[in-house]
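There are 2 protein chains.
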Amino acid sequence: MVGTDTGNGEGFGYVTPENLGLFTDLYELTMLQGYHAADHDPRATFSLFFRRLPADRGYLLAAGLEQAMAYVEDLSFGDRAIDYLRNRGFDEDFLARLAEFEFTGTVRALPEGTPVFPDEPLLEVTAPIFQAQLFETVLLNQVGFQTLVASKAARMREAVERHGDDQSLVDFGARRSHGTDAGMKAARAAAIGGFDGTSLVAAGEEFSLPVYGTMAHSWIQSFEDEREAFEAFLDRFHEDTILLVDTYDTVEGAKLAMDVAENYDAEVGVRLDSGDLAPLSKDVAEIVGDRPIFVSSSMDEHKIADFLRDGGVATGFGPGTALTTSRDAPSLDLVYKLTEIERDGEMRPSMKLSSGKVTYPGAKSVRRVGEDGYERDILGLRGEDGPGEEQLVPIFEDGERVSDPPELGAIADRAGERRRKLPDECRALRSPATYPVEISDDLRELADDVQAELEAR
Amino acid sequence: MVGTDTGNGEGFGYVTPENLGLFTDLYELTMLQGYHAADHDPRATFSLFFRRLPADRGYLLAAGLEQAMAYVEDLSFGDRAIDYLRNRGFDEDFLARLAEFEFTGTVRALPEGTPVFPDEPLLEVTAPIFQAQLFETVLLNQVGFQTLVASKAARMREAVERHGDDQSLVDFGARRSHGTDAGMKAARAAAIGGFDGTSLVAAGEEFSLPVYGTMAHSWIQSFEDEREAFEAFLDRFHEDTILLVDTYDTVEGAKLAMDVAENYDAEVGVRLDSGDLAPLSKDVAEIVGDRPIFVSSSMDEHKIADFLRDGGVATGFGPGTALTTSRDAPSLDLVYKLTEIERDGEMRPSMKLSSGKVTYPGAKSVRRVGEDGYERDILGLRGEDGPGEEQLVPIFEDGERVSDPPELGAIADRAGERRRKLPDECRALRSPATYPVEISDDLRELADDVQAELEAR
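Protein chains in written order, with my numbering: chain A, 55 to 511; chain B, 55 to 511.
Every clue listed holds true.
Same chains, same names: a pair is fine if it fits in one copy or spans any two.
Straight-line distance between alpha carbons at most 25 angstroms, and here's what the computed BS3-like set of lysine-lysine pairs gives: (1) 357 / 336; (2) 406 / 336; (3) 336 / 309; (4) 309 / 406.
Since the hints were made in silico from the structure, they are not lab data. Computed from a prediction, not measured in an experiment: that's the story for all the values here.
All chains, full assembly: derive it from the sequences and hints.
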């Protein structure tokens, strides 16, 4: 049943502008062909939202919007994509239309770095259904993942804020991320959530992130002994150098590092990557004084909090796996649902009744109430009056980008500020309190009306 | 602290041949610079292995080797990469060497689709350390993820084999995979584990996989009513069509689908995507007879097994999230460790002592004992004599590929055959028995010797 190729000429199976148009579930293209054949192209509003927070999450941080918008703006179908679809039996006039695909619609979204809660749209697309339908797969893929990682990163920053002393946080997780795109986007999302940099060089280059890293155990092992390994490293790197000291015995390694550093008159810190970290770090701190101590052994928000509560001494942490896989919550039930559809020239609210998967109809507003600290949200209908500040902002109008992409640093600042405005108990690392999201009277009434109408059929 | 860009000109943050050389942890490049500056380039063997199976896994299926080998073969540093590294302060003569990077070493590996157990190398690289060191990040990234997904897919195939009737399995998880690369590689790995195809068009094109998909709820909702939606679809698609019947009421939807199909004289199946699936599918089967019933609501191996045990009726399943995120085991503690290093012209075994992270020294053999069914493995030293069939095969010698990349279908066949040769109790979906992996006397002796030598220092 399965195919005969192991990959393209390059063998790596890249997604690039050349085949990005094909990065979609087949049903999107089948539906587009169907809409085209039926000459059925009503305007539609799709809403990207989740119905439940992952376990132990009191909020999520919206992230991934810029990649999603780059996709909406640049999506095209070149020869490679069109040829493949032709061979699959799609109609020529449909393919001609696809080859000229261009977005002409509207997008409103929560800016990246905004806290978001269940049922609130991370973004809404309003466009002819031929366009809006097609975005589903990539929008879910890009926004869901970055939102999970930004949120996970924020939990680690929260652990440092609650128990620590402004320790640095560096993404060490490229090796455990699910493929190359995940590694890149995780580094970006981690920065949004409050990380200071990444070990992933390509992400540093792509997103102008600070990049960190010095040596692995293999460096040490490749030399005759630890002293020779440290010396060989300091021969070339004299400043801001971190020596890995746990290859054989952590405390002895730290002593040796200080001894060698003194000979070289070098500024040297140490990295611990194994063992009982909190007590070990205290022993090491006795040796290295106020030089950097970097801790990188399977860290997550709970281990960071425990380490700091137990009096561990560190100037920075390098979480990896837990961060880039969002290990305790590797998936989000993000969905992209039709909430409005044009009938007889007018937009009408839409919903489906599938059990357990009800969607609030209509284009939405998300209003956040509270000045210094957030008190509650009101999920209502677009244009509705009421208290609070509207969180959804225009990104595209009539196919034109109307907001400048913010700098990543500004997104991270926004995330930090807004996260800290949430009630303290909603930011707890375990069993957080539920942040109140009210459904406005108008939205509730509309949902009841649409449901009654559907059930009456 | 964080950067100022949101991405490159294209905005999507792709990894392509242009920046793949930078998809590595900075410490790899720092070490390479250090090795270069110290004129230290001993031959080294690195082993890619994991120390523990994820929960409820009795084995894993090796996958991702072909992408890893494409990387090893094609890795290069172009102007974009070199310029970035120059700006970061790397030395010109080091960059000149990097620009001419070429692999000249040896790779031995478990062919994709081979069951693998803790401490067994999925692959071993033997090469000058300047080369072998550099591969760490991408090898872990590509092999770890595909191995997890192939193994997860095999569990779902196992559930069908144990309780079902050769139902088809289709990957529906691109939307929940962690980025685009994960979506592509998950579709490939799922095929290795026993899936019949994918919904992801780009993966179909790239890996010659069968691609499936017809319609979402939004298709139904975009029309005045369900009948009009079904009719519009059948106007264009008459054959092998699956109608989604749960938008409003599943049983009524199935009746309507059959009614419309009869008018069109069309071959139509149905898809269920919500509700209490086993009983619902029986009700639907009463209506649709032996036409296809496809079930796609948050399926995993346990839900498939329960559905089939409860007498649910389906011709196929479309798992998504659980598959492409390997949700219950989203990470594997795969490592890439130095096990041999050249000293005075000879290869010497190497290990580190970091607590809880011990690595067996030396280049390995993995021998699998048992003809019709596997009984046990023996992890020994390369070249060692003894019972069983060697599982590690040469992939590269002196930088040349010496084995043809197998077709994906052949890999999937291999995976199925070999998985079924494992003891039944090691393939249980919950709390599987431990498959015996013996450490050979020679390897144990060597490990003891090296450890004693290190501790005596």
